[in-house]
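Trainee: Each chain, letter by letter, is given below.
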Amino acid sequence: MSQAVPTTPDVDAPRGRKGGDVKPLKESRSDKAARKLSSKPASIIAICLAVLWTIPTFGLFVTSFRSPSEIRSSGWWSTLFTAEYSLDNYNDALFSGSTSFASYFLNSIVITLPAVIIPITIALLASYAFAWVDFKGRTFLFVAVFALQVIPIQVTLVPLLTQYVSWGIAGSFWPIWLSHTIFALPLAIFLLHNFMKDIPRELVEAARVDGAGHVKIFFQVLMPLLVPAIAAFGIFQFLWVWNDLLVGLTFGSAKGSHR
Amino acid sequence: MDWLLNADSIAEKLGVMVVAILLFVVVMGLILFLVDRPRNIPNWVVAVAFSGPAILLIGFGLLYPGLKTIRDSFYNRTSDVFVGLDNYATAFTRDEFQIVLRNTAIWVILVPIAATLLGLIYAIVVDRSRFEKVAKTLIFLPMAISMVGASIIWKFMYEYKPASRPQIGFLNQILVWIGLEPQKFLLDAPMNTFWLIVVMIWIQAGFAMTILAAAIRAIPEDIVEAARLDGVSGVRMFRYITVPSIRPALVVVLTTIAIGTLKVFDIVRTMTGGRFETSVVANEFYTQALRQGDNGLGAALAVILFVLVVPIIVYNVRQLRKSEEIR
Numbered sequence: 001m002s003q004a005v006p007t008t009p010d011v012d013a014p015r016g017r018k019g020g021d022v023k024p025l026k027e028s029r030s031d032k033a034a035r036k037l038s039s040k041p042a043s044i045i046a047i048c049l050a051v052l053w054t055i056p057t058f059g060l061f062v063t064s065f066r067s068p069s070e071i072r073s074s075g076w077w078s079t080l081f082t083a084e085y086s087l088d089n090y091n092d093a094l095f096s097g098s099t100s101f102a103s104y105f106l107n108s109i110v111i112t113l114p115a116v117i118i119p120i121t122i123a124l125l126a127s128y129a130f131a132w133v134d135f136k137g138r139t140f141l142f143v144a145v146f147a148l149q150v151i152p153i154q155v156t157l158v159p160l161l162t163q164y165v166s167w168g169i170a171g172s173f174w175p176i177w178l179s180h181t182i183f184a185l186p187l188a189i190f191l192l193h194n195f196m197k198d199i200p201r202e203l204v205e206a207a208r209v210d211g212a213g214h215v216k217i218f219f220q221v222l223m224p225l226l227v228p229a230i231a232a233f234g235i236f237q238f239l240w241v242w243n244d245l246l247v248g249l250t251f252g253s254a255k256g257s258h259r
Numbered sequence: 260m261d262w263l264l265n266a267d268s269i270a271e272k273l274g275v276m277v278v279a280i281l282l283f284v285v286v287m288g289l290i291l292f293l294v295d296r297p298r299n300i301p302n303w304v305v306a307v308a309f310s311g312p313a314i315l316l317i318g319f320g321l322l323y324p325g326l327k328t329i330r331d332s333f334y335n336r337t338s339d340v341f342v343g344l345d346n347y348a349t350a351f352t353r354d355e356f357q358i359v360l361r362n363t364a365i366w367v368i369l370v371p372i373a374a375t376l377l378g379l380i381y382a383i384v385v386d387r388s389r390f391e392k393v394a395k396t397l398i399f400l401p402m403a404i405s406m407v408g409a410s411i412i413w414k415f416m417y418e419y420k421p422a423s424r425p426q427i428g429f430l431n432q433i434l435v436w437i438g439l440e441p442q443k444f445l446l447d448a449p450m451n452t453f454w455l456i457v458v459m460i461w462i463q464a465g466f467a468m469t470i471l472a473a474a475i476r477a478i479p480e481d482i483v484e485a486a487r488l489d490g491v492s493g494v495r496m497f498r499y500i501t502v503p504s505i506r507p508a509l510v511v512v513l514t515t516i517a518i519g520t521l522k523v524f525d526i527v528r529t530m531t532g533g534r535f536e537t538s539v540v541a542n543e544f545y546t547q548a549l550r551q552g553d554n555g556l557g558a559a560l561a562v563i564l565f566v567l568v569v570p571i572i573v574y575n576v577r578q579l580r581k582s583e584e585i586r
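Going down the list, the protein sequences come from chains A and B. One point on numbering: in the working numbering, the residue at position 187 of the first sequence is 187, and numbering is uninterrupted. In short: position in the second sequence from 1, add 259, done, that's the working numbering.
No wet-lab data here; the hints were simulated from the structure. Treat each hint with caution, since some may be false.
[Unchecked claim] Here chain A is said to cover these stretches of chain B; the calculated rule only asks that three of the stretch's residues, wherever they fall, bring their Cβ under 8 Å from a Cβ of chain A:
#: 1; stretch: 299-307
#: 2; stretch: 312-326
#: 3; stretch: 358-366
#: 4; stretch: 520-531
#: 5; stretch: 559-570
[Stated by the list, open to error] Listed next, the stretches of chain B that the computed footprint assigns to chain A, with coverage defined by at least 3 CB atoms under 8 Å from CB atoms of chain A:
#: 6; stretch: 278-287
#: 7; stretch: 411-417
Where is the CB? At the ideal position from N, CA and C, for every residue including glycine.
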C-alpha cells in the first residue's frame, strides 16, 4: 500500500469573479445575531457530512498501521482501541529493497511540474486570443476546442503512441508531458476563458488607448487579475496529473520512469 | 545528449525537467517577442501567435485520433476492410453491450446531479458554519486521492464475508449490527453499478463544493442585502437569489463532472474490472480495442460515447451564446 497521500491544498478557489469581494463595512448587530442563529444547525450538518465523507479514508489510514494477517481477518474498526499498531508497512514502502519509494516520488515530481506549468501557460495565451482578440472564426474555434473534451483519453492512446515511437521519444518523460498538456488544454482553455471574459471591458480598452499592445495587456493588465483562477486550476491540474495512472502507464513504458 | 531521453539518475531527471521548462519558456517568449515588435500588426497574426500552440497540440493529440476513431468504427477488427455499420449493429444488438450502454447512461445521469447537489448543499451549509476550513478540507480530501486509491479505500467499505465470519467491509458490518444479512455489494447486479457510482460521487462532491462555494462568495453583497430588505430569506433566498446568481458556475460544474463521468475508467477497471454487469463504455472500449484486439468494435463504442456527449456540448454552447449577447 504505497499510496502517496498528497497534502490537502488550500481549497479556497477563485474569488471575486464578479466585481471582487464586496465586504460589508460593519455587520449590524441583528446580522450578527442572525448569523449565530443560522450557524448552529448548519455547523452540525457540516460536521456530520464531513465525518461521513471521511470514514472511508480513515479506514484506510487505520489499516495502514495493521499487519497483513489482521487486515484479512478482522475489520479495522473492531480493534480500534486495542490493536497493536506498527509502522512496518511504512518501513517496507519507504526503505525496503522491493520498492524504491524515493525514486517513484522523484518521478512523480519530474512529471508533474512541467505537466502543470506548460498547459496552463498555453491555455492562458489561447484563452486571451479567444476572449480579447477579434478575428474571423473565433467563436467557431473556441466551440471546437471545448467540444473536443468529449474525446475519451483511451481513444487517443494508440495513435499518439504510434507517433511517439516513430519520433523516437517513447519511454522518456517527453511523451508524458506532451500528452498531459494535450489532455488538459480543452478544459483549461474553457475555464480560463470564462474568467478572462468576466474582466471589465473598460479596463482592457483603457490600456489599449494608452498604447499598450496585446502582449503588454496580457501580462500587465490581465495576469494580475487572473491569479486566483490560475491558482485554482493549477491545483486541479496538479491533482489530476499526480493521480494519473493511464497516461503514465501507457507512455512511460516498463522501465519505470513513472511512480 | 542521450540523458535527455534516458534519464536515470536524480540529477539527470531533474536536469531534463529544467531543460523542458526552459525550452518551453524560450519558445513562448520568442513568439510573444516577435508579435510585440512591429506596431499595428494585423489581428490574425496575434491570434495565431496566442492560440496557435494550443490549436496545434489539440489538433495533433485530440482531433486526429478522434477522426481516426470515427473512420475505424466503419472498418473490421484490424481496420483494413470496410464493413459499413456492422460494428454499430453489434454494439446495439448484443445483450452485453446493451448493458454497457445502460450503465453508462445511469452513470452520466446520476453522478453529476448527485455530486453537484451535495456540493451545493455543502457549500451553503459550510458557508455559515464555524468549522468552515476543516469541514471543507475533509470533503475535498477524496478529490486529492487518486481513483485507484479510492478503489482500495472503498474495498474496505464493500468487502463481503459470510455472516458467520467477522466482516472486513464497514458497510456490511453496519448491516450485521442492525441485524441484516451482509450483502455482496460489488457482485450482485444491478445494484453493484450504484455502489460504484457512490465512489465517484464521493470523489466529485468536493470538486463541486469548491467551485460553487467560490461562486457563492462572489455574489455581490448588495443583491443579498436588497433581497433581505424585501423580506426574502431561507429557501426563497436560495431559490431566487443564490441559484440564479451562480447559474454559470452550476453549468460548468455539471458539465465538467458529466464529461469526466463519461470517461470514467479507473474505478470500474480496478473495482470490478467491468465484470458482473458493471462495465461502462470507456472501460469496454479499452477491453475491446486494447485487450481483445477488436479495433472496429472499440471504435464504434467510442463514437457512441461522443454522440452521447453532444447534447451536453450543445447546451453549453447555447449558454455561451447567451452570455455573449449580454456582454
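Trainee: Decide, hint by hint, whether the structure agrees.
Mentor: Going down the list of hints, with the structure as the test:
no.	hint	result
1	299-307	holds (count 4)
2	312-326	holds (count 12)
3	358-366	violated (count 0)
4	520-531	holds (count 4)
5	559-570	holds (count 5)
6	278-287	holds (count 4)
7	411-417	holds (count 5)
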